[in-house]
Amino acid sequence: MSDFLWLVIALPLAGALFLHFFGRYLREPLAGVFATLAIGAAFVVAVVAAVPFFAGTGEAEHLVIWEWMPAVGATFELQWDPLSALMTLVVTGVGTLIHLFAIGYMHGDERFHRFFTYLNLFAASMLTLVLAGNYAMLFIGWELVGLCSYLLIGFWFTRPSAAAAAKKAFVVNRIGDLGFLIGLMVMFATFGTLSFEGVLGRAATELTVGTATAIGLLFLVGAAGKSAQVPLYVWLPDAMEGPTPVSALIHAATMVTAGVYVVARSSPIYVESPIASGTVAVIGAITALWAASIAIGQRDIKKVLAYSTVSQLGYMFMGVGATAYVAGVFHLMTHAFFKALLFLGAGSVIHAMSDEQDMYKMGGLAKRMPITATTMGIATLAIAGIPPLAGFWSKDEILGALFERGGIYSALWVVGLIGALMTAFYMTRQWVLVFAGRPRWDEGVEPHESPAVMTLPLMALAVLSVVAGFVNTPFRFTLEHFLEPAFHGVEMQHAPEGWGMFLVLAGLSTLAGVAGVAAGWLAYNRPPEVWRRFQEGFGRLWTAWEQAYRIDDLYGAVVVAPGRRLAEFSAFQFDQKVVDGAVNGVGALVYRLGSALRMLQTGYVRNYGAGFAAGLLVVAIWLVVRGMS
Amino acid sequence: MTDWYMLLAAALFTIGAMGILVRRNALVMFMCVELMLNAVNLTLVSAGRALGSLDGQLATFFVLVVAAAEVVIGLAIIVAIFRHRDTASVDELSELKG
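Residue numbers (our numbering), protein chains in the order written: chain H, 1 to 629; chain L, 1 to 98.
The hints are simulated quantities; they were obtained by calculation from the structure and are not laboratory data. In this text, all values refer to a predicted model and were calculated from it rather than measured experimentally. Mixed in with the good hints there might be a few duds.
[To be verified] Partner residues aside, some chain H positions facing chain L, computed with beta carbon under 10 Å: (1) Thr-57; (2) Leu-511; (3) Arg-606; (4) Gly-609.
[Said to hold, decoys possible] Sample of chain L residues facing chain H (criterion: CB under 10 Å; computed from the structure): (5) Leu-12; (6) Ile-15; (7) Arg-24; (8) Ala-26; (9) Met-31; (10) Val-71; (11) Leu-96; (12) Lys-97.
All residues carry an ideal CB built from backbone N, CA and C; glycine is no exception.
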């Protein structure tokens, strides 16, 4: 049926390879246009392949491309089911818009074509991840997106902070990857294969709760690393050193959702283990609240969005942790739209403000940049959960499922509501600080609306941020029916049915959103002296938020410093003294032995002859003595 | 009868070996080597005769042939060294030492 599906990965990969070798010969916009066409074509292919699912007639397919290690279930095979189709459409669709935006944003960069090489390579890697038909191939994509993330965060590697951020992202991701890898080993030891069919199909019958918990928790370590959850979230805020389109594509819309995807994909394992699922949800809840509070105190426009992303990923984890997989994936999708929009809008602002990122030095931009201001305003309302925008429906779905699940999940529901309030507050704060009030620009900054190549993606994403929520409302569960085949046989958590409960829950979360927006508006749509005093009113709490609880310092003292000491000990004590000492000692021993033995070699033939004769004599005597006995 | 031949061969061999150990002139040492070889030839022939076998004589011919070849090369080397260095004393040719 979908034999041509390999094109989805091959097109961006071919784009990356072509740009790698020939990109330097292309004039500036051409490389970007080429890369955009490559991913756009992949999007078209994905849409065509997904048509049966939209029509409701599609069935999950396995397409084996190349037998690599069939014995362990690690062949190059594609899984084409509604879940991977949805992920593919999000990655290629949002990816195309961001590629387009980047043509304008990266204008004038020396390594323009290199940037698009990496973007295309990232797209191919991410599509490998979501289309993988087994965990081995998924892991390949998993590692490749990590590499692309590293390359793109450090794209401006001449800045020491960018190089350090790239390194940090890579190292923290490795910690998570190790957990994921061990999880894969446990899985292989249990099932003897890594293929989705072999593992997930048999999970319900053959998996013990203990093994399911082990695999689930180990996968969570990997997912927490990739999806920036507590305690491994620290790399994502630093990743904002990369160009803004990278932040939008990789660190908001696609790569960081890989952890959510893995949990959703492994749903047959997670439903077997309440402990693993519960841990996922609790980690998500802690992250949601923790990151939201940090986001309130940030003054860098991209840092706010970074912590907001971490927080929203926490919501997705809460959803999939409560076994409400559709809700989690639904929020993944809507979040991809409005967060990509927010980041691109931020990019547009940064571009206009001549690379200024401090929100305290913005203000009053709405008049100069009406399109950016409007679209970002829509995205702000969407993420704040104001109906009927996309964020409202998906967040409400998660909160409803948490409420319905009851028990400890009720506490998480309260956390989710508080988080929603904070989200609405800090997003409104951001919008007001940037676009409303009087200008606080530095001298010589002349903001202007971005060119059409940048505003068009903003408008497209704004439309999606408005309408995407309607694919799954309590009136019509379209997405749920769409995804159903992918979660076949998995018992899923849903929001409560019945209008009464829906109205109460939706009313509460709308209230939280509206209250947050109103508070943000009232607090910040005033002269700077007033809101500065408002912020100072929080005292040390505000300092803690502003400094992100100084977690980096804590990790620096607890993890990095001992690690550095260990490395220094290994390098200068153990390696130089013990290892090198052993090697040099052997050398010295042989040298001394040689100096002693060289005395035997006199150069006088008669000495050697005497040796021969003596040997002969010994042999002769031995023969005689043996002959006698 | 054979014992005497064997004793003679042993005596010749010992004389040759001692010559190699004590003499310094390469040419004399070379003659000592020949002496040792021929002492061995004598044992082979006499043992062959005592045992009534031709194998001893056969082996002796081999030794003769090899010795002849060896003499040719050895003398050539000694002459070459002598022309080069004006001496045939092996003690002065102790280049290869540790």
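task: Using Cβ atoms only, decide whether Met-31 (chain L) comes closer than 10 Å to chain H, and label the hint accordingly.
output: 15 Å, violated
field: Satisfaction of the Ala-26 (chain L) interface hint, Cβ to chain H closer than 10 Å
entry: Result: holds, 9 Å to nearest chain H Cβ.
query: Would the stated hint for Gly-609 (chain H) survive a check requiring a Cβ distance to chain L of less than 10 Å?
result: This interface hint holds because 5 Å falls under the 10 Å limit.
Closest C-beta approach of Ile-15 (chain L) to chain H relative to 10 Å, hint status: At 13 Å from the nearest chain H Cβ, Ile-15 (chain L) fails the 10 Å test, so the hint is violated.
- request: Under 10 Å, Cβ to Cβ, is where Leu-511 (chain H) needs to be relative to chain L, so tell me if that hint holds or is violated.
  value: Violated - the Cβ of Leu-511 (chain H) stays beyond 10 Å from chain L, reaching only about 96 Å at its closest.
field: Agreement of hint Leu-12 (chain L) with chain H interface, Cβ distance less than 10 Å
entry: At about 15 Å, which exceeds the 10 Å cut-off, the nearest Cβ of chain H leaves the hint on Leu-12 (chain L) violated.
task: Against chain L, run the beta carbon of Arg-606 (chain H) and see if the smallest gap drops under 10 Å.
output: With a minimum Cβ separation of about 5 Å from chain L (threshold 10 Å), the hint on Arg-606 (chain H) holds.
query: Going by Cβ atoms only, is Arg-24 (chain L) closer than 10 Å to chain H?
result: Constraint on Arg-24 (chain L) satisfied, holds at 8 Å.
field: Cut-off 10 Å, beta-carbon criterion: hint that Thr-57 (chain H) touches chain L
entry: At about 89 Å, which exceeds the 10 Å cut-off, the nearest Cβ of chain L leaves the hint on Thr-57 (chain H) violated.
query: Holds or violated: is the Cβ of Lys-97 (chain L) closer than 10 Å to a Cβ in chain H?
result: This interface hint holds because 3 Å falls under the 10 Å limit.
- prompt: Minimum Cβ distance from Leu-96 (chain L) to chain H below 10 Å?
  reply: Holds, because the Cβ-Cβ distance from Leu-96 (chain L) to chain H comes to roughly 6 Å (cut-off 10 Å).
field: Hint check: 10 Å Cβ-Cβ cutoff, Val-71 (chain L) to chain H
entry: At 18 Å from the nearest chain H Cβ, Val-71 (chain L) fails the 10 Å test, so the hint is violated.
Going through the hint list in order, the structure does not satisfy hints 1, 2, 5, 6, 9, 10.
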